[in-house]
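Given next are the chains, with one letter for each unit.
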Amino acid sequence: MAIKILHLYNNLMNLYGEYANVSILARHISQQGLEAEITRTDSCSYINFSDFEFIYIGSGTEAAQKAALADLLKKKDEFCAAANSGTVMLLTGNAFEMLGKAVTDAYGKRFEAIGLCDFETTESYEKRLTGDAICSCSFMTEPFVGFINKCSTTTKTENPLFTMQMGYANNASEPYEGCRFNNVFGTHLIGPVFVKNPHFTAYIIKLLAKDIDGFKYKKIVNLYEQGAYEITLRELRNRLKATAD
Amino acid sequence: MKLFFVILICKLLKFAGSIIGKGSSLPGQIALKLYPNILSKIKLPKYIIAVTGSNGKTSTVEMIATILKKNGRTVAYNKEGSNQIEGVTTLVLSNCTLGGKMNSDILLIESDERYARYTFKYFHPTHYIITNLYRDQLTRNGHPQWVYEALSHSIHDDTQLILNADDPLISRFANGRDNTLWFGVDKLKTSLSYNDGVYNDGVYCPVCGGRMTYGYYHYNHIGSYSCNACGFKRADTNFTVTNADMDKGEITVNGKYTIPLAFTGMYNVYNILAAFAACAIAGIDGAAIAGSIGNYMLKNGRIMRFRLGSHDGTLLTSKHENSVSYDQSLKYIASRDEQCSVIVIVDAISRKYFTGETSWLWDINFDHLNSKNVENIYLTGTYVNDLALRFSFTGIDQSIIKPIADIQQCIDYIKESGSEKLYCVTCFSDKEKLLSRVEVL
Chain P
1 MAIKILHLYN NLMNLYGEYA NVSILARHIS QQGLEAEITR TDSCSYINFS DFEFIYIGSG
61 TEAAQKAALA DLLKKKDEFC AAANSGTVML LTGNAFEMLG KAVTDAYGKR FEAIGLCDFE
121 TTESYEKRLT GDAICSCSFM TEPFVGFINK CSTTTKTENP LFTMQMGYAN NASEPYEGCR
181 FNNVFGTHLI GPVFVKNPHF TAYIIKLLAK DIDGFKYKKI VNLYEQGAYE ITLRELRNRL
241 KATAD
Chain D
1 MKLFFVILIC KLLKFAGSII GKGSSLPGQI ALKLYPNILS KIKLPKYIIA VTGSNGKTST
61 VEMIATILKK NGRTVAYNKE GSNQIEGVTT LVLSNCTLGG KMNSDILLIE SDERYARYTF
121 KYFHPTHYII TNLYRDQLTR NGHPQWVYEA LSHSIHDDTQ LILNADDPLI SRFANGRDNT
181 LWFGVDKLKT SLSYNDGVYN DGVYCPVCGG RMTYGYYHYN HIGSYSCNAC GFKRADTNFT
241 VTNADMDKGE ITVNGKYTIP LAFTGMYNVY NILAAFAACA IAGIDGAAIA GSIGNYMLKN
301 GRIMRFRLGS HDGTLLTSKH ENSVSYDQSL KYIASRDEQC SVIVIVDAIS RKYFTGETSW
361 LWDINFDHLN SKNVENIYLT GTYVNDLALR FSFTGIDQSI IKPIADIQQC IDYIKESGSE
421 KLYCVTCFSD KEKLLSRVEV L
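Line by line, the protein sequences are chains P and D. Note that the first sequence covers residues 1 to 245 in this note's numbering. Note that the second sequence covers residues 1 to 441 in this note's numbering.
No lab work stands behind these hints: they were computed from the structure. Accuracy of the hints is not assured; some may be wrong.
Residues from chain D that keep clear of chain P, each with C-beta distances beyond 10 Å, as calculated [what the hints assert, rightly or not]:
hint: 1; residue: I30
hint: 2; residue: K41
hint: 3; residue: Q160
hint: 4; residue: L161
hint: 5; residue: L188
hint: 6; residue: T213
hint: 7; residue: S224
hint: 8; residue: C227
hint: 9; residue: N228
hint: 10; residue: Y257
hint: 11; residue: F306
hint: 12; residue: S335
hint: 13; residue: E420
hint: 14; residue: V440
Mimicking DSS-like on lysine-lysine, the simulated pairs with C-alpha atoms at most 30 Å apart in a straight line are [stated by the list, open to error]:
hint: 15; chain 1: P; residue 1: K127; chain 2: D; residue 2: K121
hint: 16; chain 1: D; residue 1: K101; chain 2: D; residue 2: K70
hint: 17; chain 1: P; residue 1: K241; chain 2: D; residue 2: K121
From the three backbone atoms N, C-alpha and C, an ideal C-beta is built for every residue, glycine too.
Required output: the full structure, derived from the provided sequences and hints.
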């Protein structure tokens with residue numbers, strides 16, 4: 001039985017090499033002796049969300065995100081039903097914003113979003129918030145590393161995913177970032193989040209395979225992934241220390 | 001009187017800076033502090049040509065300056081590449097009289113694309129060449145459309161645009177303007193029917209978001225496009241590479257001017273074409289331009305030859321955080337007949353601090369190196385793990401990929417093994433780490 005992966009908006013929302021999240025996940029799945037089957041599409045018109053065990057959406061330009069939202073809204077109920085029933089999803093960069101109630105653009109135009117969560121996002125054209133990130137979460141001991149690259153602030157997140165030790169949070173008045181709903185993980189971390197956080201990839205695979213008969217997770221260390229993670233964490237912590245001194 | 005003193009101070013600082021080898025932004029920075037709108041007080045020459053875009057600015061400016069000078073024009077330009085308002089102020093003030101009159105025929109400016117709107121607040125170019133907008137330094141730039149917005153605020157109504165027709169995003173700058181001039185490359189033998197990048201920034205129309213169709217691609221999303229929804233399409237070109245023979249190493253511009261190439265990379269072709277357009281607009285005859293730029297070797301250190309043990313090597317300076325720049329270098333290597341090995345150095349992405357942002361490595365099509373002439377691929381530097389991981393997702397035979405974290409060890413290893421040609425692909429920020437360990441020719 002293959003684990004079915006949907007990479008939604010793979011052309012439209014692909015600003016930061018985010019296809020690699022799917023590549024890495026598929027490799028890890030096969031290292032566990034399982035099979036991964038990947039579907040990629042820029043429109044959810046012919047998609048049944050309930051057919052998939054894992055759904056991924058990456059970041060796009062502000063305009064691309066609105067186009068993706070318009071498409072996703074057509075199947076909003078099915079999407080939310082999948083989330084409610086425990087389908088594992090990862091939304092990185094500004095795809096995360098689509099999970100909230102609305103996104104208001106820099107000119108004040110309000111776009112209805114999926115409404116799976118209660119938060120709201122407002123974009124600005126003045127300034128881009130970019131920088132490295134170290135963050136921790138409640139469900140793993142290892143910290144996450146990554147990069148934020150956004151032009152928006154998000155407020156009223158009830159179930160944030162991360163507490164930030166370094167980097168931009170959802171908004172300037174709290175240290176929290178992203179959101180978690182059931183098995184849906186939303187974060188403004190961009191790019192290959194799985195590439196730089198092998199522990200997270202392992203965590204997701206355990207979630208995906210938990211109902212497969214006889215499956216037992218084998219611990220596999222991919223040296224390059226582990227090395228990249230450790231060097232990144234070490235160097236970013238050095239930067240934090242240098243600014244604290 | 002104030003003008004006089006500020007110009008004098010700027011000139012003195014520039015002179016002092018040149019003795020101690022300091023950068024060229026500081027004199028302008030101080031001049032702007034003393035006299036914020038000083039640029040609006042200077043009598044500028046008839047031609048003010050600016051060049052901006054993600055890739056090719058410095059090389060294009062160097063070529064324009066070379067052609068103009070060979071044809072008897074005096075030209076002031078920012079050769080050190082200080083391309084924000086401070087550097088441009090230094091350039092202008094150090095090339096004018098103490099009375100505030102620029103004494104060259106042409107002012108030629110390489111301009112940073114994101115900050116051009118500040119540079120061109122107190123004066124603006126008569127001619128503005130925009131080469132391209134790619135995914136470039138996204139850690140600062142956000143994304144190409146974000147830069148597009150910033151750049152659009154630097155374009156004034158009475159400036160004439162000279163645009164690369166083959167880049168859909170920048171072609172949009174011509175909307176609502178009627179005197180835009182275009183340069184582009186016709187369909188060539190080397191043109192492709194598919195996008196050869198890892199990602200495709202040409203899928204959707206930059207104007208309406210509809211799907212686009214391409215007649216051909218030159219590289220990545222550069223080519224001949226049209227939108228199926230709104231009709232937005234590649235413009236007809238005024239300055240055109242009508243033919244290119246890469247085996248012979250020459251291009252033909254506008255059907256009649258043949259220009260031999262010192263370097264056959266496609267980006268070099270675009271830079272030469274943009275320079276051709278600028279100089280033709282400045283009144284230089286086409287044959288004279290072709291005669292001045294034939295076989296021209298850039299002096300800006302983008303391409304350098306070196307020796308290491310029994311190896312002859314070429315450094316192809318590329319830009320970290322710029323996948324198109326890397327793709328161009330990789331394609332060039334794969335297009336060579338001779339057997340070679342490749343060194344990729346990613347040691348410091350930013351000169352200022354460590355960043356963990358390596359998503360751009362996944363945007364580079366390293367599969368270009370899956371080529372019969374490539375014998376070994378050496379990966380080195382702080383980001384050796386990220387590189388090795390990225391390469392593990394290519395179709396390249398993994399046994400030829402050699403990650404050696406320490407740069408010195410990597411160079412020593414190569415020195416002791418083989419005598420094949422070497423190509424090194426790395427960025428300005430890292431190239432000294434190679435050049436200090438080899439014999440530069």
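Status of the hints after comparison with the structure:
Distance check for I30 of chain D against chain P: the nearest CB is about 27 Å away, which clears 10 Å, and the non-interface claim stands. Non-interface status of K41 of chain D relative to chain P is upheld: no Cβ of that chain comes within 10 Å, the nearest being about 30 Å off. No Cβ of chain P approaches the Cβ of Q160 of chain D within 10 Å, the least distance being about 27 Å, so the stated non-interface status holds. Even its closest Cβ contact with chain P, about 22 Å, leaves L161 of chain D beyond 10 Å, as expected for a residue assigned away from the interface.
Look at L188 of chain D: its CB is around 26 Å from the nearest CB on chain P, clear of 10 Å, so calling it non-interface holds up. Here T213 of chain D stays apart from chain P, with its beta-carbon at least about 14 Å from theirs, past the 10 Å limit. Every Cβ of chain P is farther than 10 Å from the Cβ of S224 of chain D; the closest lies at roughly 19 Å, confirming the non-interface assignment. The Cβ of C227 of chain D lies farther than 10 Å from every Cβ of chain P, with a closest approach of about 14 Å, so its non-interface assignment holds.
The claim that N228 of chain D is not at the interface with chain P holds, since no C-beta of that chain comes within 10 Å of its own (minimum 14 Å). Listed as a non-interface residue, Y257 of chain D keeps its Cβ farther than 10 Å from every Cβ of chain P; the least gap is roughly 39 Å. Residue-level check passed: F306 of chain D sits 28 Å from the nearest beta carbon of chain P, beyond 10 Å. Distance check on S335 of chain D: its Cβ is at least 25 Å (rounded) from any Cβ of chain P, clearing the 10 Å threshold; non-interface status holds.
In this structure E420 of chain D is separated from chain P by more than 10 Å, as the shortest Cβ-Cβ distance comes to about 26 Å. The claim that V440 of chain D lies off the interface holds: its Cβ sits roughly 30 Å from the closest Cβ of chain P, which is beyond the 10 Å cut-off. For the proposed pair K127 of chain P and K121 of chain D, the alpha carbon gap of about 19 Å is at most 30 Å, so the pair holds. Between the alpha carbons of K101 of chain D and K70 of chain D the distance comes to roughly 24 Å, so the proposed pair stays at or under 30 Å and holds.
The straight-line distance between the Cα atoms of K241 of chain P and K121 of chain D is roughly 40 Å, outside the 30 Å bound, and the hint therefore fails.
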